[in-house]
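J.: The residues making up each chain are set out below.
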Amino acid sequence: MSNLLRQHAEQQFAEELHELKQAEKNPVPENWELSPQSVVTYIMGGTLPNGFEVSPKYIGNRRLIEIAVATLVTDRALLLYGLPGTAKSWVSEHLAAAISGNSTLIVQGTAGTGEEAIRYGWNYAKLIAEGPSEGALVRTPVYTAMQQGKIARIEELTRIGSDVQDTLITILSEKALPIPELNEEVQAIRGFNVIATANNRDKGVNDLSSALKRRFNTVILPLPATAQEEVDIVRRRVESFEEVMQLPAEKPALAEIERVVTIFRELREGKTADNKSKLKSPSGTLSTAEAISVVNNGLAMAGYFGDGVIRASDLVSGIYGAVVKDPVQDKVVWEEYLETVVKHRSNWNDIYRAARDLE
Amino acid sequence: MSVTLLGIRHHGPGSCRHVVQYLNELKPDLILLEAPSDVAPMLDFVPTLTQAQESPLPPVLSHKAEDKPEVKNGEPKPQPLPDMLRPPVALMAYQSDQPKNSAFYPFAEFSPEWQTMLYGKEHRVEVRPFDLPLSYTLAMRAAQIAKEEEGAAALAAQLAQETEQAAAEQTAGQTAAEQSAGQAAVAKQEEQDAGQVLTAETELKDEAQGAEPADAEAQDSPEHLVADPFDYLAELEGMADGEQWWESRIEQRLESKDIFAAVELAVTALRENLPEHSSKRDLVREAWMRKELRAAVKEVGAEGKIAVVCGAWHVPALAQLASFKVKDDNALIKELPKPLNKNKVGITWIPWTYSRLSYYSGYGAGINAPGWYHHVFLHPDDDGTLWLTHVAEVLRGEGFDISVAHVMEAVRLARTLAALRGLNHPTLAEFNEAVTTVMGMGDDVVLRSVARALVIADRIGTIPSKVPMVPLLADITATQKHLRQPFVEGIKEVILDLRKPLDLERSVFFHRLNLLGIAWAKEEEASGRGTFKEKWQLEYRPELIVHIIERAIYGNTLLEAVVNYVQAQMQEHPELQFITKLLEQVMTCDLPDLVAQMSARINDLAAQASDMHVLLESLPPLCAVVRYGNVRKFDFSAVCDMLETMLTRIKVGGFLMCININDDAARELKDHLGQVNLALNTLNDEACSKIWHDFITKVQASGKVHPLISGCSTRLMRDHHTITNELILQALSYYSSVGNTPNDIAFWFEGFLENSGTVLLLDDVLWGLVNSFICNLDDESFTQVLPILRRTFATFEQHERTKLGQKAKNFDPDKATQTLPVAAANSGLPDDKLARPVINLVCSFLGVNLPAA
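Chains as they are written, first to last, in the working numbering: chain L, 93 to 451; chain P, 367 to 1219.
Since the hints were derived computationally from the structure, they do not count as laboratory data.
Ideal placement from N, C-alpha and C gives every residue a C-beta, glycine not left out.
Just so you know, not all the hints are guaranteed correct.
Here are the simulated distance ranges between beta carbons [as the list claims (entries may be wrong)]:
{"no.": "1", "chain 1": "P", "residue 1": "H745", "chain 2": "L", "residue 2": "G143", "range": "42 to 52 Å"}
{"no.": "2", "chain 1": "P", "residue 1": "A628", "chain 2": "L", "residue 2": "G362", "range": "33 to 43 Å"}
{"no.": "3", "chain 1": "L", "residue 1": "L97", "chain 2": "P", "residue 2": "A966", "range": "48 to 58 Å"}
{"no.": "4", "chain 1": "L", "residue 1": "S265", "chain 2": "P", "residue 2": "R762", "range": "41 to 51 Å"}
{"no.": "5", "chain 1": "L", "residue 1": "Q103", "chain 2": "P", "residue 2": "S622", "range": "48 to 58 Å"}
Using the sequences provided together with the hints, build the complete structure.
T.: In structure tokens:
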């Protein structure tokens, strides 16, 4: 088990889920593993009455998670929306794990996702041999979730073609899946629901039809609200990355993470951290996930090619790559930032020099 | 004798409901109200409950056309609403010889105090304000203001001493002191406003979350200290903060029974454990209130029933009267400063607005969702259906497609959320979140677009005509008296010489009124070109008074009002061009601090302006500001610095704006370049010009820019003498060479020569350049360029063209090259013979007789 590259949420946090279940005091909706309150505690972290510590899975606004859970209670489908790298899939996985104890009923949305990936498909050998029958039916994760009263997850909903997306309408409003070939239907049992994720930047790809939109409650997961929060996220994730990759480099100094986060935040928000001057923002997202990968990358550079200590020069190329997505506009932004902000920060000389060396 | 204490939260709709219910059951003989005791005469204007219920509420102001008709309803003149007091209104108290020192006590329909007053009128029960009188409160503030001004005056006096004008030292010191005292006041005001603006900015965000804004003068009111004592109670119940606790436990509670006893218990416990949360001023006020309460108890006798309506925090201090010694209370009261003379305290009712109530500072009880509270007061048992239907209605009005199903889902989500959070009833926060999630695709843009209409639901109160005058009007009248410019019927013309102090003051006064939109004085074109002369036309119309009262909400003095008004305007129109134009207006109003503040704002905006046209467009007004500052000896160095920064930005990023643009955009850009160039030339600041020249050089040197811009920049460089003739010739031949399309060549010449007929006539060097270029063209190129040149020359005036033709005919290139007439004159001594007639003419202008040489 432990040699798995990555464990599912319900495997990795099995103990926490178990403890939460033991400590349950609030009413649990039918076919849910935990009460809504406990689901929120599982995701936001907290201490149980018996002193058991639940680790936070999502660092951010508790109210958003409350809205998400309340949505699932009202049997409306949930759409998690946000920029790339804002932990949408992460939250969706943990919600499914906490509510259904199973986060694996997942459909990955792509341009090639067809109706048969969402409703049901056929085993053609059997279909030809036996004709249309239960045995020839191939069940999809959504199908299974409806039968078992669990949460189905659909990743990147907006990547799926509009005609295919709309097959969800009946499932979400009638909570039923007709199978005309067998003259049958599957009626979802209580506990079934759908969590979909989609990202803001791809809005134009296959925007949801208004009929489908109306069946989802949408929660936008924002970028981290404060620098402290963001540093916290980056630190946790980078540390777990280190464990997995067994890098020779030393643990990155918190100061370095703070600098990367500061640069990302300042450029993203278009103002300096002290609110004294405004800046232009580059075209890229500069998400927390990118900050994490910049630090990871720097760590790998320092570990394999440097002396094991992470330095400005290890980070700057990664930062440059993240910031300058458009070679003309973003370059102006980056240069302006270097000249007006980085240059004048006394202890940031190394970054300035490293950035200048890049050119 | 029985005393019932009703501990409320100011502007709490639930408190209000509970108070009304209690009063109806209790039927008290006397009601004591937490309000300064000297406002008592003003309470006579309050209508009875029946009157109030029978007359319509002031309508919700449309947030789209916020200005005109409704606002006037507040005034006695046009009269669609009855001539009576209708909230939102405020009691305004001010020191009559110094209206800056003022206090406001606003009331909304849902204020417990207001409903108490209505009840009193209806049932003929005396409502007696029993808080510390304003004569004391204002005296305390006056002392504070005087202290601040003293500090500023001392500083100014010190500065004055350093000035070298020893002779005028005495007077200069005095005026400087006065001036800077004024400035200090402005600065203080600005600080306060900054707080207000800040609150207004965070308002929307707060509304979304349902939190109350931080109050600017929190120190006055312990309920609103940063660490809200009710937070402790919230923590006990696992709630986010004290606001939420109070909201869900007191305001939203439908059952009124025993609620005030519960409030008393809770606050008593808090006050026992947190003595530091009561300020000195509160303790004095409470001592005063006890004194009044004791007198009242004596007055009503053994059978009498007294109801006390006061802020919840004061309840314990009034509950156990016996445990406080009269002696101690008197000692506290004795420590108060000497109260102001009664006739120095002006008190009046003024119309108030919900938007003002929402970010109100100076009372310690600002609320951020008056529209919502209004709704809660009118519909206490609404489970959200009414509110969300109303939200849907407003959203539909804004063009959003909102179905009934949306409303149903939003109600469900809000209720589930409340349950998940352990609330008995959804609060505004839950409703807002539900609207965002269900109707807005998770984005609060939808909510924000209607937040003003919904959550503020702005209304303006009305004041009966018999109520006395507001301070802004009083201040303007006083200033008019001082400047000897009273309102007179008909049209009057005034010519001012700004070198005279009184005239300068008048000019500033007129400019300030204009800035506020009080159109009394209209500036006319003054004949003659003196910068020191202004001509004004004064025309009095009765509605001016209405306009002044309309502006009274911005401040008690003209100065204060102008500053606040400008800040509000900046808030409303955050566009760079707008603010620079506004700045141009503001600079004539003698408000250096405001100018500095605006400069900072402009600086911020300039930093994020990606559109260079906006930057270019903003530069000329800024140049005018700096130049004006120089003429009037104001210090606008901040603006000057900013000008440099903006130019630097243009230098860095402006180049991108000159490439890949179409002909129309190029024309527009060329006009902007010309205007900026003119402005900078007039300004004549070395550093700025340098940056500008660098930019132009950069543009000129690139082959990629639009030919019109290239021609124009070449020409600008020539005018600055920053380009050699060889380079110009090079550019000329480059752009007229065969590789270019005829259109491009024409554009280049247009940029290079437009409107320069006269210049070509007089400037031999330029003439020589163009001339030699044309003469050296080979036949083929000449045929190609000719129609294009004609196109450019056709824009010159007829007589210019005739003269240019003559010049071409007679021009001798060998004689004229490289020498300007001016240069020739400079090379040797002036020619007396030539100079004589000019000197005579100048002398006759100046009216002096020069002895013959």
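J.: Do the beta carbons of L:Q103 and P:S622 sit within 48 to 58 Å of each other?
T.: Since L:Q103 and P:S622 have Cβ atoms about 54 Å apart, the given range 48 to 58 Å holds.
J.: Do P:A628 and L:G362 keep their Cβ atoms within the hinted range of 33 to 43 Å?
T.: violated (49 Å)
J.: Confirm or reject the claim that L:L97 and P:A966 have a C-beta distance inside 48 to 58 Å.
T.: The hint (48 to 58 Å, Cβ to Cβ) holds, given that L:L97 and P:A966 are roughly 53 Å apart.
J.: Holds or violated: the 42 to 52 Å window for the beta-carbon distance between P:H745 and L:G143?
T.: holds (46 Å)
J.: Taking 41 to 51 Å as the stated bounds, is the beta-carbon spacing between L:S265 and P:R762 within them?
T.: With Cβ atoms ~23 Å apart, the hint is violated.
The earlier numbered hints that this structure contradicts are 2, 4.
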